[in-house]
Amino acid sequence: MVIIENVHKKFGKNQVLSGVDLTISDGGIFAVLGPNGSGKTTLIKSILGMVIPNKGNITVLGENIKQHSDYRHKIDYLPQIANFPSNLRVKELIKMIKDLRKPTHEDERLIQLFKLEPFLDKKLGNLSGGTKQKVNLVLTFMFDSPLIILDEPTTGLDPISLIRLKGLIQAEKAKGKTILITSHIMSFVEEVSDEIVFILEGKIYFKGSISELKTKTNQQDFEHAIASILTENHA
Amino acid sequence: MLKILKYSFYDLIRSRWSYVYFSFYLLLGSVLLFLNNDLSKAVITLMNVIIVLVPLIGTIFGVMYYYNSKEFTELLLAQPLKRSSIFLGQYLGVAISLSMSLILGLGIPFIFYGLFKSSAIWDFSLLLITGTFLTLIFTALAFNIALSNENKIKGFGYAILLWLFLAIIYDGIFLMSLILFEDYPLDKLSLVGTMLNPIDLSRTLILLKLDISALLGYTGAIFKQFFGTSFGLIVSFIMLTAWVILPVLRIVFKSKKKDF
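Going down the list, the sequences are from chains A and B.
Under my numbering, the first residue of the first sequence is numbered 1, with each subsequent residue one higher.
Under my numbering, the first residue of the second sequence is numbered 1, with each subsequent residue one higher.
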């Protein structure tokens, strides 16, 4: 699905990614984890072509991303902070994104699911953070793409929406899609993900299942396993 | 690109500032006609305002729009769209909506005053054409500055400096060099110097069209010889077009390499 080879990225003097090699196979939920500033978002943005790596190759669904922008038709992306043009109405934004990508009717179901009907005529600038995130989720999930990338999808969501989001993710997985998630909520990651990728100082430190991580670090639970990696490397 | 252009354009058309800009020109046009009672004189006064104001508004609006629509741009970047079409669409959205405010704001009062029956129609058209060119040029320059500067304050600063330089400082340096080298034949130098600054070029074009080149003295005669002919006119428009195309090319080039 996604092949990342020897990707380097530097912002000024700050080396964010230093030789990332990662292969993400078809189907399943992958969680990208790492401490703050470890390069998770940079890695995801590199896959999307928003950040241009200094070195290395990225292939998405057999296409080298340097050549075209068409491969993004096959990706649904949820950005980290839902910042939308503030003078646009929710309805207009959804219509616009559909116009830019392709027609779909899935949005109606998602609007119902997240109970967004009362907000459709409101301007995006007047929405609360959680509601914005729900709009963000609708925009992401309304297209039926084989690869879904979610950057901190749980931000600002109330418990009931979180349950709905988990349901949504599982439903997409059941369709055989590949889902990439970054999150700092360890319980969420443990619940949904099949495999985790741990980034540390711009490199892939660990890739495997959660039970493998627990064995590797000699820890009983997931949260402590992650914490032990961090303390070992930073203490 | 057309879809982005459409959305940027609608977004701007709905914003308060387009109306302020439009009403300003409407008011300016009406007041000038009322005070001058003469189309040709009003055109001259307008020229003085437009030559300075259009570049300023173009730069400020361009920089402001770029920084304000950052989130929108990031949203678009994740969609299957080419980078060049995103930025060119936004650029054209700003430039076209500004040009429309200018053309409509000035056009409406002049048409009501009887522009079509007057001989000043060509002078007035030239004024609007150069105004549109200046909008296109300075919006493109503003996008260039904004693309190269992440920091808003810096971006605004450079944009104002650029305007100040081309609108005022350039003329100062130009004048100084003419005084300094007055012993040498300067007609070629002053021609080239005028050609290199879009504001000066526009001003000269309109002044000569208005047949008041006698005011410019000896240099005016040489300018008249050059700009007054169709060859000079064509060269001037080629220069103005180059001033549009070069910054636009840099927008495309720069946007391809930028990280978001």
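No wet-lab data here; the hints were simulated from the structure.
Note that the structure is predicted; figures quoted are calculated from it, not measured.
Be careful, since some hints might not be right.
Which bits of chain A does chain B cover? Going by a derived footprint, with three or more residues having C-beta under 8 Å, they are [unchecked claim]:
no. : stretch
1   : 46-53
2   : 65-74
3   : 98-112
Straight-line alpha carbon distances no greater than 20 Å define the calculated SDA-like cross-link-like pairs of lysine to any residue that follow [to be verified]:
no. : chain 1 : residue 1 : chain 2 : residue 2
4   : B       : K70       : A       : H184
5   : B       : K82       : A       : E63
6   : A       : K66       : B       : E74
7   : A       : K95       : B       : K254
8   : A       : K207      : A       : H184
9   : A       : K10       : B       : D259
10  : B       : K70       : A       : I97
11  : A       : K66       : B       : I60
12  : B       : K254      : A       : G12
13  : B       : K258      : A       : L127
14  : A       : K95       : B       : I60
15  : B       : K70       : A       : L127
16  : B       : K154      : B       : I60
17  : A       : K95       : B       : K258
18  : B       : K82       : A       : H73
19  : B       : K256      : A       : K95
20  : A       : K115      : A       : G129
Heads up, the beta-carbon is just placed ideally off N, CA and C, and yes, glycines get one too.
Here's how the hints hold up against the structure:
{"no.": "1", "hint": "46-53", "verdict": "holds (count 5)"}
{"no.": "2", "hint": "65-74", "verdict": "holds (count 5)"}
{"no.": "3", "hint": "98-112", "verdict": "holds (count 3)"}
{"no.": "4", "hint": "K70(B) / H184(A)", "verdict": "26 Å, violated"}
{"no.": "5", "hint": "K82(B) / E63(A)", "verdict": "16 Å, holds"}
{"no.": "6", "hint": "K66(A) / E74(B)", "verdict": "18 Å, holds"}
{"no.": "7", "hint": "K95(A) / K254(B)", "verdict": "30 Å, violated"}
{"no.": "8", "hint": "K207(A) / H184(A)", "verdict": "17 Å, holds"}
{"no.": "9", "hint": "K10(A) / D259(B)", "verdict": "11 Å, holds"}
{"no.": "10", "hint": "K70(B) / I97(A)", "verdict": "16 Å, holds"}
{"no.": "11", "hint": "K66(A) / I60(B)", "verdict": "34 Å, violated"}
{"no.": "12", "hint": "K254(B) / G12(A)", "verdict": "17 Å, holds"}
{"no.": "13", "hint": "K258(B) / L127(A)", "verdict": "30 Å, violated"}
{"no.": "14", "hint": "K95(A) / I60(B)", "verdict": "30 Å, violated"}
{"no.": "15", "hint": "K70(B) / L127(A)", "verdict": "18 Å, holds"}
{"no.": "16", "hint": "K154(B) / I60(B)", "verdict": "13 Å, holds"}
{"no.": "17", "hint": "K95(A) / K258(B)", "verdict": "28 Å, violated"}
{"no.": "18", "hint": "K82(B) / H73(A)", "verdict": "12 Å, holds"}
{"no.": "19", "hint": "K256(B) / K95(A)", "verdict": "27 Å, violated"}
{"no.": "20", "hint": "K115(A) / G129(A)", "verdict": "15 Å, holds"}
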